[in-house]
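**Student:** Okay, here's what each chain looks like letter by letter:
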Amino acid sequence: MIKKYIHIGIMGTLVFLGAGCSDSLDQPILGTYQADQYFTSLANANAALTAVYVPLSYTDAFSNQIWVLGDVSSDDAVKGSLPGDQADIDNINNFNIQTSNAAVESVWGRYYDGVSKANFVLGGLTDENKEIPDEDKAVIIGQAKFLRAYYYFTLTNSYGNIPLRLEVATADNLAAPVVPQAEIYAQIETDCIDAAAALPTSWDGSDFGKATKGAALSLLAKTYLFEKKYELAAAAAKQVEDLGIYSLTQKFTDNFYATTENNSEVIFSILHTSGLSPKQGSGLNQAFAPRGALNGYGFFQPTQNLVDNFEQTADGVDDPRLDYTVARVGHPYFDMEFDPSWSNTGYLSKKQVQPLSEVPIEIKGDGNLNVEAIRFADVLLIEAEALNELGNGAAALIPLNKIRKRARESYLYDDSLGNTTVPDGLLPDITTTDQSQLRNIIRRERRSELALEFGRFYDIIRYGSAYASDALKDIPNFNFETNTFFPIPQSERSTNNLLD
Amino acid sequence: MMIFTLKPRWKLVRITFLFLCMNLLSYAQEKMIEGKVVDSETNEILISATVQVIGTTVATITDFNGEFKLMAENGAVLEIKSLGYETVSEAAIFDALMTIQLAPSLNALNEVLLVGYSTQKKSDLTGAVSTVNSSDISALPVGGADQILQGQAAGVSVTQSSGAPGGGINIRIRGVGTINNNNPLYIIDGVPTQNGIDQISPNDIENISVLKDASSAAIYGARAANGVVIITTKKGKKGEVKVNINGYTGIQTSQHLINMANTAQYVNAFNIAATNDGRALIPDDIIAGLPNVNWQREVLEPAPISNVQASISGGSDNTTYIVSANYFNQEGLIRNSSFDRLNLRTSINSTLSKLFTVGVNMNLGYSKNRQVGSSGDGFGDGNPGASVLRYALFRTPATPVYNDSGQFVDLPENPGFFGDGLNPVGYADNYNRNFHEYSLLGNVFIELNPIENLKIRSDFGTNFVIVDYKQFFATWGIDRFLNSPNSLAQSNSTQFDYNWTNTATYDLTINENHVFQFLAGSELVKSNTRQQGASRTLYSDQDPAFQYLDNGLGIQQNGGNETHWALFSLFGRINYAFDNKYLATFNFRRDGSSRLDPSDRYGNFYGGSIGWRLDQEAFLEDVTAISLLKIRAGIGQLGNQEIGNYSYATLVSSSGYYPFGGANNQGNAINTLGNPNVRWETSTQTDVGLDLNVFNNALSLSADYYVKNTSGVLLQPQAPPSAGGTASAFVNAGKIRNQGFELELNYRGDINDKFKYDVTGNFATVTNEVISLAGGAPLVGARIDNNYFATRTAVGHPIGSFYLLQQEGIFQNEQEIFTHAYQGPGIKPGDVMFRDVSGPNGEPDGVIDENDRSFVGKSIPDFTYGLTANGSYANFDISLFFQGVYGNKIYNQINTDIEGFYRAFNITERIATQSWDGEGSTNEFPRLSWDGATNNKRPSSRFLENGSYLRLKNIQLGYTLSENTSKLLKFSSVRVFVSAQNVFTITEYTGIDPEIYTNGNSAGDGVRAVGIDWGTYPSARTFTVGLNANF
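Taken in order, these protein sequences are the chains called A and B.
The numbering of the first sequence is the working numbering, which starts it at 1 and goes up by one.
The numbering of the second sequence is the working numbering, which starts it at 1 and goes up by one.
Reference excerpt, derived from the structure (chain A facing chain B, CB under 8 Å, subset only):
#1 Gln27
#2 Gly84
#3 Lys117
#4 Ser206
Anything over 12 Å on all C-beta distances counts as not near chain B; from chain A, calculated:
#5 Ala138
#6 Pro200
#7 Gln239
#8 Pro332
#9 Ile398
#10 Glu409
#11 Ser436
#12 Arg443
#13 Glu481
It should be emphasised that the hints constitute simulated quantities derived from the structure, not laboratory data.
Since the structure is predicted, the reported quantities are computational estimates derived from the model, not experimental observations.
The beta-carbon is built from N, C-alpha and C at its ideal position, and this holds for glycine as well.
Please work from the sequences and hints to get the whole structure.
**Tutor:** Right, here's the structure in full:
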């Protein structure tokens, strides 16, 4: 009988021996930080900041479709490529826009992702965080704020009244209501002002491409312009000029060639580098290049209407920016001849595309050309426009004529134009100070100078109903009232129950 | 004869006996009979067998040693009965110990089922458990052990991902209980595994039990909500050495190709559309020289399949063993896809002494799976690449496969006319994607038998798996440079899972009527997974001899990670039977999981069931037709712990790179939001069932009705995109209900000695409904276009219901367009007309937009069924296996490419020839126009099809050599057979194969995106010949 109990004892021991194993449940989280324990080193903070820059990139032309919302929608460009391919881009061009439109979804998601990543940095780098030195913290915060403002600027120009998110969403706080556009602009102003105060005027070496004081002030100027706060816009633009480090390059094309992309005109660049993995090259190079032997996709074809915007002298000499911007028959397509079968409109975009000598066809989608998101020419045109709107036409002429001078003097600096003198009557200085006349001149100048730089549609809308309706008169479906903004995308509508 | 001689004495004996009893005297002529009852096959003792002296009421039952004693007179005849055995009569022997052998009856009553940590007789079972035996599955030419479950058990729905060799299998037990992981738990020889079923050979399986209801599965607690599949592998048997060899070999061919347009039809349709749209026509001089290629035929080539299995088994009184080896090889219909598996298995059980038994089961496995892109368009992480078949369908027939110098033609000469789809033959030919898996699956155990009826067992099991992935992306193409620069990717993952399981079982019988079985145990399960990967680009030589990382001259990359999880549990079970009539089972498990927040890691799970054996009641005693009639009912709670390892925490990880300084700088951001309150999903299930065997067990029936309510379903409420790109947190919020009826039927008929047959059928319905999403927005699934999702998981509808516009017809004239709801600019007669279902205010609003989408079908069938018929006549045998599903829909996404007519892709023959060409011509297929495609190919019911099918999955004809012939050949038995797989399919589905789970694009959406066909890898029709020999 005793033996029996011994055996039962053995049983009991064996069965419950495992009880000691309950410690095994303490399995640590391996290889990944918990968010509330992340901002413990400068390196970590910098990595979180790097993530905020990522959505800027054009590594995939079709996941960053700002070129569609900003230009295909306008009178400057059409979709191009094969009929039916990426039909939603055509739908933007025709203003047959469903809430599930791919471009509408893509820009919204990508730019808000940037906002969210900025919020993660800003939420982690609180005053209480003592593990990151204050000076570093300030500069990181400055960049995050600039980027957040940059993303919001595109978002509100594209979609109007939108959610304003300043903190990382949490599991129980995912939805957010829309706020009036004015509140979004106000936040952009605040962020830009904070950023301008915190950021250095320039970065050296491997830090090139990070946000600077000039970038923050330029974005601030542009925001004021969009808000029609002309006085502030002119003042902010002046502040950029007063930094004394920016000037127009002698050659317009310096802004669009990889070899000359770090120049005095760049204020904020979106960086691309070939040959990295994961890929960090520009996908625009492939998307905008012609199909066929050049291994492009043939998207983003300029319109006749855009071509006609470029001035021409009485002798038929074109504004040199036309052929810097648009490829066409009879003019070289970089280092080769233009083939008319490449385009439905007869034109291709040259901006954001590189010659084969720089990027061979094998790595077509991995170009190394940066995208100059803000350049000094834009600031000068902001200044000109703001001053003119303030009724100070004379002052407005100064920045405006700097733009025209640089354009016409291409003949002095660009050997390929085969001339060492500026042709007669080419882009003469403007002299009129009539506000209304000058307004039209500045608008035309802005369109030529910044053509195919992904912002034309926002200008059209900003100029108001009459201008917009005229510009898009060929698009029967366009209606200024209903198409001022793109619709908030379906994916947001079906998930954000605080939207309305 | 004996009965006749006995009969006249019956009265006398009885009267005498009664008289003697009354006098309480022993009768001089009666003597003690002692004996033992054993199983004739295994020699195991049989407890509780009834021994009765025929013609008397003298009876007893055997004790725990299978022994009995009773008094009888000379010449008495004993009748010995035991449940599940053929009843025998034997003349009493008085002078020696009788050994009575009972042969197992041919009915299912004696079937012993695995019910988790122990076994139970089917007749005593009170839960819902289905079984599949090796005899049902031995000769199906399938690669995976999981495939053999298809159509075999009611309520167990098995769908292959695609027909690709080595492709995955999706097993759903009693519907879809969650939007998350719905895979059952697999227990193989006691070892819990997630994918161990892929590592063993189907030929090594002895028996599969599927625990379907909560009362039986509760013993597995937090892992059992999706059901439990318990697999026992073959063991050696006491006796002479047996050698078994079986094998088959055969050929697979393609079937049910889609009728595509030929070159003439394509050109004709193109030119009609070009005329309609005012575009350039294909000129006659080009037409003259065009080839006519059938791309499906080009990519789907006949391919061999074969399997060979050899085993040696045997055993002495104390030790049994089996050693087996298996090799399976399947080439795919599509070039560069194949599956090879090699298994070596050993199982030894040895009784060391009265006290100790030890044993070991070890399965060593190796498999090689070569894959081609077979599903989807290549979009999405982990997608093996765009489907070869998709390109085969939309590459126009007017483009040759090869050019004059034997190279693959890449772009057609006129892409505007003939499209720019990849050359599918070239695409497949350049596929070089390989997975090598090495696995060890097995356990060792020691069992103590310290006292009668008590067994203590300690099991250590492991599943150790190494997966090597290697893929070379060769540069190819003569016009385009695909995969440029070329690159090699390799990765390696090591998964080490182990479990330590301790159990004690104790059998207790009180007053002969109360039979108890107790089980108590503890279990520790741990899993460690580690992986690393590397890649390089720029291989100057694409020869396989140089496809090694060292040879890459370009970019080098690497990465790696590791995860651990653990589960610790205590559990117990009580089985109780009263008088063999009333049965009850109670299960309990307490689980602790590392996957929950450290502050609260434990949960309890209960299950109980009762049964009533009506056939044992007096009122049914005389109804001899009924040998079993049992009703049963059960209820229980189960958990689903497949909730991710760290769902409770908000995690930060790499979120892309940015090239400051021309180098890749890693960016880190929040990748997933956490929720510290995450618990496992809980499913509460009630089940009522009936088991009936009649006509001497010739007909057996088992029916069940269940309701399975899953609550706390982890939802990852789709975060608004404005919340950023982070994955949102899991919240236990959803409620899902599955209910269904299941029926299993078996009939065995022996027409005469030579002609025998049996038919087994099963049928199961399931109704799935989302009861609550806790107020959250419906969940979308199955991206079929940029930001366009085909399905919606919403309250009141089954999971993953199709949510689309409805095609109302075709606009026949301008008048119809004018009077119909506005569909957008440019609509012309011949375009698809959509139904104006609703508007922003819930009323039809005269505008066709997102508001007009509605629920138009579900991917979960109304019912599934299987039917197996076996017949034998003399030495011939035949078996037929049908399997089917009914009531589900499939979204034929590939038809949006080949019927949507939006680019210069090839089209189906019916679109080329039956499209709208004038008022009244058709109300089904729109006009031929690319301009019209924006409207006509909008995701709608136009592309949603009936997915029901009935398939003759297998037919097999066998011949067993006569004993004499076998002996001449020195075999003890030889059977040869021919078999055909996927003989025919009855379906309305126009895609290539209705047996499709989902596609590579949607894999991440799980059950929210089932039944989306992007051009799947089709099932093959397979013809095999085989041999099964024993000696």
